[in-house]
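Since chain A is already given, all that's left is putting chain B on it; use the hints.
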Amino acid sequence: MKLLEYEAKAILKKHHLPLPKGTIIQKGITPEFPLPAVIKSQVPVGGRGKAGGIIVVSKSTDIIPTIDTLFQLTIKNHTPRVLLAEEVIPIKNELYLALLIDRDVQEIQLLAHKQGGMEVEANHEGFLRLPLTKASLPECSKKLAAFFNCNVKLLTPLLKSMFTALVTSDATLIEINPLIATPNGVLICGDCKMEIDNAALYRHPELKNHENPDSNFVRLDKNGTVATIANGAGLAMATVDAVAGIGMKPANFLDIGGGATTNSVLGAFEKIMEFPRIEAIIVNIFAGITRCDEIARAIIEAKQAIPHLPPLFIRLAGTNFEEAVAILTQHDIPTLSTLEECVAAVKGVVHE
Amino acid sequence: MNSSLLLGQNVIVQGITGAHGSFHTAAMRAAGTNVIAGTSPNKAGQFVDGVPVYNSIAAIKKDFSIDCSVIFVPAPFAKTALLEAVTEQIPLIVCITEGIPIHDMLEVTHKARQNNCVLVGPNCPGILIPGEQKLGIIPTHLGMPGTVGIVSRSGTLTYETAAGLTERNIGQAYIIGIGGDRIHGVGFTDCLALFEDDPRVSSIVLIGEIGGKSELEAATFIKQKVTKPVYAYIVGRHAPSGVQLGHAGAILSSDTESAKAKTIALAHAGAQTFTSITELVKTIK
Numbered sequence: 001m002k003l004l005e006y007e008a009k010a011i012l013k014k015h016h017l018p019l020p021k022g023t024i025i026q027k028g029i030t031p032e033f034p035l036p037a038v039i040k041s042q043v044p045v046g047g048r049g050k051a052g053g054i055i056v057v058s059k060s061t062d063i064i065p066t067i068d069t070l071f072q073l074t075i076k077n078h079t080p081r082v083l084l085a086e087e088v089i090p091i092k093n094e095l096y097l098a099l100l101i102d103r104d105v106q107e108i109q110l111l112a113h114k115q116g117g118m119e120v121e122a123n124h125e126g127f128l129r130l131p132l133t134k135a136s137l138p139e140c141s142k143k144l145a146a147f148f149n150c151n152v153k154l155l156t157p158l159l160k161s162m163f164t165a166l167v168t169s170d171a172t173l174i175e176i177n178p179l180i181a182t183p184n185g186v187l188i189c190g191d192c193k194m195e196i197d198n199a200a201l202y203r204h205p206e207l208k209n210h211e212n213p214d215s216n217f218v219r220l221d222k223n224g225t226v227a228t229i230a231n232g233a234g235l236a237m238a239t240v241d242a243v244a245g246i247g248m249k250p251a252n253f254l255d256i257g258g259g260a261t262t263n264s265v266l267g268a269f270e271k272i273m274e275f276p277r278i279e280a281i282i283v284n285i286f287a288g289i290t291r292c293d294e295i296a297r298a299i300i301e302a303k304q305a306i307p308h309l310p311p312l313f314i315r316l317a318g319t320n321f322e323e324a325v326a327i328l329t330q331h332d333i334p335t336l337s338t339l340e341e342c343v344a345a346v347k348g349v350v351h352e
Numbered sequence: 001m002n003s004s005l006l007l008g009q010n011v012i013v014q015g016i017t018g019a020h021g022s023f024h025t026a027a028m029r030a031a032g033t034n035v036i037a038g039t040s041p042n043k044a045g046q047f048v049d050g051v052p053v054y055n056s057i058a059a060i061k062k063d064f065s066i067d068c069s070v071i072f073v074p075a076p077f078a079k080t081a082l083l084e085a086v087t088e089q090i091p092l093i094v095c096i097t098e099g100i101p102i103h104d105m106l107e108v109t110h111k112a113r114q115n116n117c118v119l120v121g122p123n124c125p126g127i128l129i130p131g132e133q134k135l136g137i138i139p140t141h142l143g144m145p146g147t148v149g150i151v152s153r154s155g156t157l158t159y160e161t162a163a164g165l166t167e168r169n170i171g172q173a174y175i176i177g178i179g180g181d182r183i184h185g186v187g188f189t190d191c192l193a194l195f196e197d198d199p200r201v202s203s204i205v206l207i208g209e210i211g212g213k214s215e216l217e218a219a220t221f222i223k224q225k226v227t228k229p230v231y232a233y234i235v236g237r238h239a240p241s242g243v244q245l246g247h248a249g250a251i252l253s254s255d256t257e258s259a260k261a262k263t264i265a266l267a268h269a270g271a272q273t274f275t276s277i278t279e280l281v282k283t284i285k
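Here the protein sequences come in this chain order: A and B.
The first sequence lines up with residues 1 to 352 when you count with the numbering used here.
The second sequence lines up with residues 1 to 285 when you count with the numbering used here.
Bear in mind the hints are in silico, worked out from the structure with no lab data behind them.
Source: prediction; values computed, not measured.
Nothing false has been slipped in among the hints.
Partial chain B-side listing against chain A, Cβ under 7 Å, derived:
1. 157
2. 243
3. 246
We put the beta carbon where it would ideally sit given N, CA and C, even for glycine.
Same shape as in the complex, but just chain B:
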C-alpha cells in the first residue's frame, strides 16, 4: 500500500443508490474525491448527485478505468459485491459495511490476496486524506491537512483523535480506519509501513483495542522498522474476558490479547502510550 494507491483518481461506489451510498457519495465528492460512477442492480441509467449508475463494475469498465471502489452494500449482499470488485481486480477496495459473516470474509480476503487487491475494512469508516481524498464516511470537517498519520480499529476514536488534533491546529496526512471485524483487509503494520515510508508523515497515532494479536505484530514492526514517533492508545483495559464489546473483533480470549499486554508491548517497542485520547491528543507535537 502506498500513497498513490490511496490517491487513485477514478473512484466508484458500490451500493450508490442506498441511503448511505447516496449520502456519502455526495459527501465524498464535496471533499474532492472524483466519484465517476456507481453500481446498483436494476438501476442503471439513473444518476446520484450527478454520478451515473451502472448495473455492474464490468459495465462501468467499458466507459472508465477504475482505481478504487467504496462499498456501502448491506451485509447479506456484501460478499457478492466484494467478490465482484476482487474479480474485476479493482486495485483498492474500501468496504464500509458492518456485520458481514466471518466465513464470507475468509473467502473474500483469500481471493483479494490472490488478485493483488488491497482491501480496507469491512466495518470501518474508511480513509480521509484531508484536503485531497475521502474514501468512506469520516466527516471531512474533522480533519485538516498536515503531517500526522492516524490508524485505528475504532471509528469514533478515530474521529475523536482527528478532531482533537484539528482543534489544536495540528493537521493530518492520513486518517485510516481499518475496522472492527475479526477478519479484515489492511492491518496496522500495512499502515505503519505507509506512514514510515511517506516523507510527508512526521508522527504516527495508533489506536487499538482488545482481541486479536494485530497490536502485538504492530509493536514488533515498530521496534524493527519505524523511526518516526508513535503515540498509541489501546482501549478496553477493563473489558471482561470472553465477552464481545460492540465490535465483532473486540473479544478478549486470552491475556496476551488484553489492553494491558498490548500497551506494554507497544511501550517496549518505543511507542509513547496513553490511557486516554485526551492525553494522547495533548501530547502530540
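Isolated chain A (complex conformation):
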C-alpha cells in the first residue's frame, strides 16, 4: 500500500526525522501558514512537479487561487483530496536516500545517490547500495556520510530513525527524494514515498482508514469486453493472458481464492458487473480445496440473481467436477474442458 506524502511524513515525524514545517489543507478549509510556502498535491504517483502539482506561493492573494487549481488538477488519473503546504527550504544540494527490501537477496537494502531530485530514476549509475541491519547501522552511517560528503553526526541519527521507521511501520520502502542539504549544513527530508506491507496492516490500526487496493481483484481496462473469474493467483493471471493472447481485451484480474464458497462466487459476479462493456465472462476453476459443485451452484444462483448477465464460458476441473457438470447441464449451462476452448468460444461472440 502506497502512502501519500503527508501520511509518510507523519510517520517520519513520529520517528524524529528532520522535516519542513507543514500544514494539511482540506477542501473548503484553508488554514493559516507562513509565506513563502510550497503547496503540494497529495496524490499517490510520481512526477507531480512536472505535472504542475507543486506550486510555490509568495503572496497571500495567490493562496486561494493556487489551492483551487491544485484541487482541480488530475495527475495520472488521481485528483487530490488533501494538499500539503510546507515552508520553503533553502537548498545547497539535493540527495537521494532510500531503504527498501530486496526480495532476491532477502535483506533490507540502503540505496543512495548524490544527485537527488526529479531525474534520479533515470540514473542507472552512481548508486551506493549497502545491505542494512540493526548491527551494521553505525558502519553504514559512516559509509553513507563519506559518500554524501557530509557530517557523520548528522547521518547516524537520521539513518537509525529511518531504519526504525521502516521496521516498526512494516514498510517495504521509504524513499527520501530529495534529501535536502541546506546552506546551514542541515539535512531535511524534502519529499517521502512510503509503501506499507499489506500483509501487516492488521497490526497498524492507525492506517485502517486508508484506501487499500485489493490485490485479488484488479481492474485492467474499464472498456474491457471479457471479464475473468479464476481461483488462485497463477490461474487468474493465466486466464487474463489467454484472453489478451488471442487479441481480446480482458477487463479484470480476479482470484476468488482457495476454498471458494457460494458467497465468494456471487460476490465475484457482482464485482465484474461494474464493467459497462462486458460481452462475455470466463470462469476458470481448478478445484483443489475448492469444490466444483459448490461453484456450479453459485453460478446458477448468480444467473438468477443478476439480470442481463453476459454469456458465461465455464471451464471447471478438479474436485467434484462430475457433480458440477451434472448440476450445470440440468440448467442448460454448457461447460468447456480447457481454458483455450473457452477463449476460442469467447472470440466467436465478442465484438471488437
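Same frame as chain A, now just chain B:
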C-alpha cells in the same frame, strides 16, 4: 536439499487443531505421511485423527525425534511458530500459511539459514511425492508416481500441471510449490538441483510468474548445470506494471521481471517454453 530430507519419517504439524491443520493432517496421513504429533497452545493431551497434540515442539522432542514440520498457524502467529521450529532445528519446515508480513519473514529466513533449516514456503501448497510423502495441501489424487519433477510459484497452476500429466498417464517424482511471497525459503534453483541430481527424475517442469528475479537465476542455473529437459511456463504476460496480482510477490517492478523477459531467458538457457499449461502438458513425454 535432497530426497532423503523430503522423505523424512517423523512429521509434525504446527497448528494441528485448527480447521486447516486438522483437515490436512488426516489427508497427509491418508497419503502415507507419518504424522507423529502436532502442536497447539493449551490443547496438549488432545488427539487429532489419532495424532497426539502437544503444547510445544520441545515437549514433542522428549518423546520423538522430528524430521519435518508442516505449519498451518494463522499469519499473525506464524512468525512465532516458524521461529520455534527454527530454534528447535527442525531440518525441514514447510509453511502453508498465506499473508505473513514481510519483515517477519526476513527475520525467519535469516535465522533459518543460521540454523541450517530448509524452509519451503510460506504461502505455498507444499510438497507431494506421489505414493510416498505429502507435506502440505496438494490434493493427493492429482499425482501419480513417475519421473517428472514439477516446481512452481503458483498453487493452482501446480495442480493443473500435475492433473494434466496424470490424465495422460505421466507420473511425477516431485511436485513442489515454493510459494507466491516475496520473501520465501527454497527457490527454483534449489529444486532444479534436486531434480538434476536425482536419477529418478527424467524431466523438469518450471512454472514461474512476474516479479522478482528467481526465474532469471533459474535460467542461469539451467544453462550451467541442468542436463535434463526443462519445460517452462511463465504466467502474467499481460500484467500491468506496478500492480500486485493476487500473490504478494506477483508485482512487476521492472522490465527484467516481466513474463516475456523471463521466458526469453529460459528459452536462451535451453528450456522449452510455452504460453499455456495445456500446451506444456501435451508436449511432455
